[in-house]
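As a plain string of letters, each chain reads:
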Amino acid sequence: MSVPISWYLLLAAALFAIGAIGALTRRNGIAIFLSIELMLNAANLTLAAYSRLLGDRAGQMVVFFVLAVAAAEAAVGLALFIGIFRLRRTIDVNRINLLRW
Amino acid sequence: MDALSLLWWIPALPFLGAAVNGLLVRNGQKGLVTFVGLAAPGASMLLGLTAIWQYATGLAPEPLRQAVYSWTVGEMSIDVAFRLDPLSAVMTFVVTVVGFLIHVYSVGYMGREEGYRRYFSFLNLFMGAMLLLVLGSNFLVMFVGWEGVGLCSYLLIGYYFDQEFPPEAGKKAFVVNRIGDFAFLVGMLALFASFGTLEFGEITERVLAAPEIAKAPYVFGLSLAGFVTLCLFIGAMGKSAQIPLYVWLPDAMAGPTPVSALIHAATMVTAGVYMVVRTNVLYQLAPEISLFVAGIGAATAIFAATIGLAQNDIKKVLAYSTVSQLGYMFLAAGVGAYVAAIFHLATHAFFKALLFLGSGSVIHAMGGEQDMQKMGGLRKHLPLTYPTYLIATLAIAGIPPLAGFFSKDEILAGAFAGHHHLIWGVGILTAGLTACYMFRSVYLTFHGSFRGSHEQEHHLHESPKVMTVPLVLLALGAVTAGWIGIPTGLWEMAGFADHNVLHHFLSPVIATLPGVDTGHHLSHSTELLLMLVSVAVALGGWLVAKRLWGGERGLAADRTFAERLPFVQRLLANKYYVDELYDRVIVRPLAGLARGCWKIVDTLLIDGALHVGAFVTELTGDLGRFSTTGNIRNYALYFFAGVLLLFWWMIF
Amino acid sequence: MELLAFVVFGLAALVSAIVVVAHRSPIHSTLSLVVTLVSTAALFLMLGSPFLAALQVLLYTGAILVLFLFVIMLLNVQRERTGAAARSPFQTWSALIAAFVLAGAVCRLLWDAHGEAVLAPLTEDFVALRNTASLLFRDYLLPFEMVGLLLLVAVVVASWVARRGGADSEEESR
Amino acid sequence: MSTSFLDLLLGDTITRFVFFPTVAGLPLLLMRRAPAATVKIYALVVSLVELALIGLFVVGRWGSTGALLARDAVLPWIDLAPLSVVYEVGLDGISLPLVLLTGLLLPIVLLGSWNGIDKHWGGYAFSMLLLTTGILGALVALDLFVFYVFWEVMLIPMYLIIGIWGAERRIYAAVKFFLFTMAGSLLMLIGILWLGWTYGRLTGVWSFRYEDLLRLELPIDQQLWLFGAFAIAFAIKVPMFPVHTWLPDAHVEAPTGGSVILAGILLKLGTYGFLRFALPLFPHAADRLTPWLLALALVGIVYGALVAWVQVDMKKLVAYSSIAHLGFVMLGIMACDLVAWQGALIQMVNHGLSTGALFLLVGMLYERRHTKKFEDFGGLAKPMPWFATVLVFSTLASVGLPALNGFVGEFMILVGTFKAGWRWFAALSTVGVVLAAIYLLKMLQQTIWGPITREENESVPDLGLREALTLAPLCVLMLWIGVAPKPFLEPSRPALAALLEDYRSRCAEPAPDEPLLAPARVSAGSPTFAAGVVDQEAGR
Amino acid sequence: MSPETLAALAKMGLWLAFLINVAPIMLWVERRAPAFMQDRLGPNRVGPLGFFQGIADAAKFIFKEDIEPATADRGLYLLAPVLALVPCLTTYLVIPFGPDIEVAGRTMASVVIDSDSGIFVFLALASLGVYSLVLAGWASNNKWSLIGAIRASAQMISYELALTLAVVAALVPAGSLHLGRVVDYQIGERLFGFLPAWGVLVQPIGFLVFLVAMFAETNRLPFDLPEAESELVAGYHTEYGSIRFALFFMGEYMAMAVLSALAATLYFGGWSLPGVDLMQLPGVLPALVGFVILTVKVAIFMFLFVWVRWTFPRFRYDQLMRLGWKVLLPLALANLVYVAALAVGGKL
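Residue numbers (the working numbering), protein chains in the order written: chain A, 1 to 101; chain B, 1 to 652; chain C, 1 to 174; chain D, 1 to 540; chain E, 1 to 348.
Just so you know, these hints were derived from the structure itself, not from any lab.
Cβ atoms here follow ideal geometry from the backbone N, Cα and C, with glycine treated the same way.
Any given hint might turn out to be false.
[Unchecked claim] Some chain A residues near chain C, calculated using beta-carbon distances under 7 Å:
#1 Ser6
#2 Leu11
#3 Gly22
#4 Thr25
#5 Ile30
#6 Met39
#7 Leu40
#8 Ala43
#9 Gln60
#10 Val62
#11 Phe65
#12 Val66
#13 Ala72
#14 Ile82
#15 Phe85
[What the hints assert, rightly or not] Straight line, CA to CA, 16 Å or less: simulated EDC-like cross-link-like pairs of lysine to aspartate or glutamate:
#16 D:Lys119 / D:Glu367
#17 B:Lys215 / B:Glu113
#18 D:Lys442 / D:Asp376
#19 D:Lys382 / D:Asp313
#20 D:Lys486 / B:Asp622
#21 D:Lys382 / B:Glu288
#22 B:Lys380 / B:Glu552
#23 D:Lys442 / B:Glu168
#24 D:Lys373 / D:Glu456
#25 D:Lys382 / D:Glu458
#26 E:Lys143 / E:Glu231
#27 D:Lys382 / D:Asp462
#28 B:Lys599 / D:Asp313
#29 D:Lys119 / D:Asp79
#30 E:Lys143 / E:Asp100
#31 B:Lys374 / B:Glu552
#32 D:Lys486 / B:Glu75
#33 D:Lys442 / B:Glu164
#34 B:Lys380 / B:Glu462
#35 D:Lys442 / D:Asp313
#36 D:Lys382 / B:Glu114
#37 D:Lys382 / B:Glu113
#38 D:Lys382 / B:Glu75
#39 B:Lys30 / B:Glu113
#40 D:Lys486 / D:Asp376
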């Protein structure tokens, strides 16, 4: 039995919302990062699903690029966390408010 | 030698001398300095005398105008031009002769000064500027000279710049003069705007051709002539130290004494008189202003004379005497006796210069002491200075047949003839006062016994030749200068042809306007009576002085006066507190206003508004700053909220 | 069969996603994310994109998340503290509400748009790796190269930012 | 054959001397390790070459044509239909004196900064050279867009000069300067764009060319707004009364060279702007607002003088005196009389010379004593006779003593103003003459006269050879202009006369209700750049 | 069950039978070979030449007491050894072991997953191998373990790049991600007309990079930093014992075997031998013979592993990283460029 396309999309939306909640509520920088990855992933899923629905592989291409960008982002982001950790001995975002007014 | 085509060299030579001394010669080369410093005005004097001779003997067209070059272009085309006519000839004569003599005197007087070179440079510069003033063919050149002499006055008053007071006095002189200059400038503007030219000749011609233009109402209910003459007279007030702008002149005595003689007695201060006479055609068209001039002159004359009575500084006495005499000249010009004004100017130049140089000699002998209270009995020590000083005193007091008598008498006659009896009265009173305070100075200085320290007494000595020779020459002038203007009445009464040389010589420059009453027609008997009255008053003044200060009396009269009328004495000694008045009424409020402008308008209002603006900006930023919690999660929330809004907007 | 697979992987993805967000230990979160990603990879496979599926596992789980783990262990990140001071109820609740609103709105929209629509069967053409490859290296060559450049830059930047010692970091630490 | 910018840059053109300083100054930025003397000499040589370039260019064309001296070939710059901006520069009698003054002051400023600037000399010199390009460009621009660009180019180097090489509160002063000027120039930019747009609406093609925009006949309300925008921009630069407060701060904090250029030339751009742009472009508005601007000028004269009087800082005194002097210039410009305009133009130059000299002297004193406060001076004429001489000389020129340059300008301005019917303004502004004497003599009084009150002042060294060389040309010019101003007045007369004639004739006609495009008038369409003058092609 | 499923199960069975035995055999080899090298006996009591020593050890592992550290993260602690087996028990699925064969009238590939993205899948699954190490190290809550885990993750990610790039280069001549095609290419082509077009001959540099990266990926000496006994006791598996340790042990050897199989496939003609045409054989024989050939090649690699282990000393950590990033990666890239140039130039 085939699965309706909207199920994929709804699943993606749910994942996105979960990711969003995580990104907004977690204090651990890396956890926030993970949540963002989750959101990206949800978006990827949506793209793949529409790609499938429309029979157009352009969506897959976008997913590919999202993955690549995610890799870059992870590299830079984690490097930043290492740097911040060296500086502040924590990556709790509540306590690395370096740009606080 | 055709001196007339070399006219412009007359002012140029002293300028050259000033430049050479100022820029090329070094401090140590005293001989060279002396040579240049004397050669320049000397050559200028020779040139000037030659030119005057050639002019007076009719070798030149009259009046002579020599344009050197064009100063500006276009609508306002003004030439740098010189003019030789009777008036400027008289002035040139006075300036060059008296000036040269004072230069010579200075060699002795200033011989040991450190700033010898500077002094001569400035003095030459002054000569140049003064000659520019008197020889200028238009108001612009005259104004250049006018300001130039002001500058030299400033520099020379402040010659002893390393002391506190002299530069201060120089500044005061310059600033007060500037106040007058401002009016002068406005007058010039009005003239130029109305006539399109600043040439004396052209203006006179046009006014004579169409007096109604000058009489037309201009501003403040004044006619054009009225406005212009008022402005010019205010200028003259500044330069010639008339009430209310006379305050700088007594202070100007801070300069070296020859400077006082040359600038603040003989020449520069008379520039105002010269200008009034120069523009007599306009004054004649503005009788109300003329009367004003006469009134100011009379008031200044008596006012200064009263102050002079109570001064103890010998130079101060002479300074107030100068103010007083200048008042006399304006009195003359105001009542229409222009020739008398110039006459008095010329004679005054000689005897006042002589007085100053004499006092300089005294000061020289006293080692710099100027206080008459410390002098006395000097005639023994200064055998040449005393007689010359006495001659000058007699001259200024109006004792015939010395110079002052004739000129002063002509002024008083003019006032009386113009039915200005009150002014005549003031004049005659002033004459008495003049004789009184001048003889007071003579008695206090030369008579009685010496009141100074022993050291001073020990050093008392007559001045060197280089100083005394000019004194003698000037004394000669003080005696004889009046003879060129022996009144027509006297000649006639004596049955001679009218040999009032000056009168005839100057008459071309005194405009005769139709409908303006210039009739100074006194009967010979009245004239004689007036003469006798004035001589009597002068002698009276002398006698009073002799009674009070003569012989060994010394300062007793002053002390008595101070005890009897302490208030009046203080008032006179403090010059009626005018300086203090000006300070309180004008200077301080103005400074307060300035400070207010700075601190309140600039700093508080304008910058304050600016800073308020900046503060509001900063405050906004400060408030907005709190949104940057530095907490990434908050930013994420804002971001997310934004996404939601965007989402909302896109969908609905 | 497909439905079963979807339910299995979808549920796995959801549950693990919740664990990612909810678990206090970053290690567990990361590992849960591995599960989510692998499940998603499976869903990619079902959506006819083995390429993406493989890439997802290779890149995400094989590289990125290992990097995460590496960093977590390197920094020895502990469980989040739970103290009153650390809590920010406003942030939490508004996040929750916003997320739910968003999810609800999106779900509603998607459902309205597609409903029970069923997909056309997969074609060989769509799945073929060769076609994907030609698309990537022909039509999307420029973006591909740009991404390559981006990664290079990212590597350089990352190594610069995380390097030990430098003059700048000393400055910052002051 | 079309001319390229490079052709202009290399040929015997205006463009060459406009851009030469910046191009030649670029190596200065690279000479960071070079010995200081090398850098200084190089910069000085560049400035002298620049002076020679300007001189040769002007001498080659002196009097050859009536109103216009030269104009470079017009180059298209931004060509995005319907927008069209051209690069067009020309030199005429109005800009000529200021161009020459700029060329003259540049080497003087560099020489005057020889020891006073103790850090990044190369950068300082480059800023000066870049500033020169901006100034010259703004002076010769014949396209309003180009003008605006150069106008802004002036801003940044000056900002840096104050902000980097200034005194203690330099940042405050630099920011104040920047904000004031920027605020004004943005208004002007809007005005320029509006003009270009209006022109585009009437013809279909936007244009910012001066000649084109002069043909615009705008309704009075638009004119008032636009004139306001331009006038505020220029008034800030001048600076006129209520917007002047940046100037004292900028001057006090700026290094000597910065002050000299700022007072000497930068301020003149404001008055130049009035004369060149604000009045000819919006004659009716200018005519209507004349009394107000005259009043502001008058207030500036008196106010600047009064405030200068009570200053305790020598440099601030000179700065406030600038406000008063520029007030005279504004008075002359707004009087709209040929004599007044000539006077205003020569007064701009005069002020550049005398105030430039004063700032240099203050700077020299500051180098020796590290203070500018009056209370620290007094009696300096004794140890420094030459310094005192030059100071007195410059001060007198500034006071407006006849036979020195200041008088010429003031007198002509006053005569023109009086003649044009603004008697009261002229009469009252002479108060400024009196006050000038008061505050400037106060300055002399407190610095060089009187007894020496501080021990340090006993042995202050007198002017050195370099300093004398810096001041000598200024003094010579001050005297020359004062004694014989005619050669300095002559070149600008035809240009000013044409401008005035055009202005008057346009004022005589009522303003239209709708924007109109007047036909290009032979003499009036571009008053100063009269037809019949052949473009000076890039020399090839 | 469908025939496809049956066939797949059969093929997986074949592989599993091989892989299960790798560990005990290697246990023996790892003892006998060094003993031989060091001129001593080694284990020789259990069975002929001590051959059953491996089985004995296995039994010992199974029956030993299962110890858990009290502070361990229990779930992960238990999960880690299991994960160790996941990559090696999945990656073999895409390695071909013989030519296509005909069974019951159907053509069947001698590979479990006959996919276009074969190597892709291999790499994807192999990349998961690091998790077991990392989790083991973390979950043990022991600093030696943790450091080992950190080292493992960094090391494996670093060398995965070089490995992948070498693999990509190796795929270029065949122009396919399907490993079967790669083998086909090596059989079908000849270099200079007589040499088999084995990868090792076409791109020796690539092979070298692959070989080194393979050692690093499997944490074998000289790259066994994660378990460096002289520094970290036993690295990530310090806290593991009995069957759990055995699982790590097995996983390591299986990974070695699978990677060796991949190396053989990419660079040494896979299941083929030059001059031997397996297609001549009937039935399923080509696949079986091919499997044997592959096994032999794997065995040679395995011996190489042992050989190297006892020959080279351990790298220092910074040397390891430098080697990976500054030597291998550029080499791999250069190799890729070189191969790509060959391909573009039509020389392949």
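The hints, checked one at a time:
1. Ser6: holds (4 Å)
2. Leu11: Constraint on leucine 11 (chain A) satisfied, holds at 5 Å.
3. Gly22: Constraint on glycine 22 (chain A) satisfied, holds at 3 Å.
4. Thr25: Result: holds, 5 Å to nearest chain C Cβ.
5. Ile30: holds (5 Å)
6. Met39: violated (10 Å)
7. Leu40: Violated. Min distance 9 Å.
8. Ala43: violated (11 Å)
9. Gln60: holds (5 Å)
10. Val62: Result: violated, 9 Å to nearest chain C Cβ.
11. Phe65: holds (6 Å)
12. Val66: With Cβ-Cβ at 10 Å, over 7 Å, it is violated.
13. Ala72: holds (4 Å)
14. Ile82: Because about 4 Å separates isoleucine 82 (chain A) from the closest Cβ in chain C, which is inside the 7 Å limit, the hint holds.
15. Phe85: At about 5 Å, which falls below the 7 Å cut-off, the nearest Cβ of chain C leaves the hint on phenylalanine 85 (chain A) intact, so it holds.
16. D:Lys119 / D:Glu367: holds (14 Å)
17. B:Lys215 / B:Glu113: Violated, at roughly 54 Å.
18. D:Lys442 / D:Asp376: Holds, because 14 Å separates the two Cα atoms, which is no more than 16 Å.
19. D:Lys382 / D:Asp313: The hint is violated at about 21 Å.
20. D:Lys486 / B:Asp622: Answer violated: lysine 486 (chain D) to aspartate 622 (chain B) is near 59 Å, above 16 Å.
21. D:Lys382 / B:Glu288: violated (51 Å)
22. B:Lys380 / B:Glu552: Holds - the C-alpha atoms of glutamate 552 (chain B) and lysine 380 (chain B) are around 14 Å apart, at most 16 Å.
23. D:Lys442 / B:Glu168: holds (9 Å)
24. D:Lys373 / D:Glu456: holds (14 Å)
25. D:Lys382 / D:Glu458: holds (8 Å)
26. E:Lys143 / E:Glu231: holds (11 Å)
27. D:Lys382 / D:Asp462: Holds - the C-alpha atoms of aspartate 462 (chain D) and lysine 382 (chain D) are around 10 Å apart, at most 16 Å.
28. B:Lys599 / D:Asp313: Roughly 14 Å between the alpha carbons, so the hint for lysine 599 (chain B) and aspartate 313 (chain D) holds.
29. D:Lys119 / D:Asp79: Distance ~43 Å between lysine 119 (chain D) and aspartate 79 (chain D) Cα, so the pair is violated.
30. E:Lys143 / E:Asp100: violated (51 Å)
31. B:Lys374 / B:Glu552: holds (14 Å)
32. D:Lys486 / B:Glu75: Holds, at roughly 13 Å.
33. D:Lys442 / B:Glu164: Satisfied, since the Cα-Cα distance of roughly 13 Å is no more than 16 Å.
34. B:Lys380 / B:Glu462: Measuring from Cα to Cα gives roughly 10 Å; hence the hint holds.
35. D:Lys442 / D:Asp313: The given pair, whose Cα atoms are some 12 Å apart, holds under the 16 Å limit.
36. D:Lys382 / B:Glu114: The hint holds at about 11 Å.
37. D:Lys382 / B:Glu113: Holds, at about 14 Å.
38. D:Lys382 / B:Glu75: violated (46 Å)
39. B:Lys30 / B:Glu113: At roughly 11 Å apart (the allowed maximum being 16 Å), glutamate 113 (chain B) and lysine 30 (chain B) satisfy the hint.
40. D:Lys486 / D:Asp376: violated (42 Å)
In the structure shown, a violation is registered for the earlier hints numbered 6, 7, 8, 10, 12, 17, 19, 20, 21, 29, 30, 38 and 40, in ascending order.
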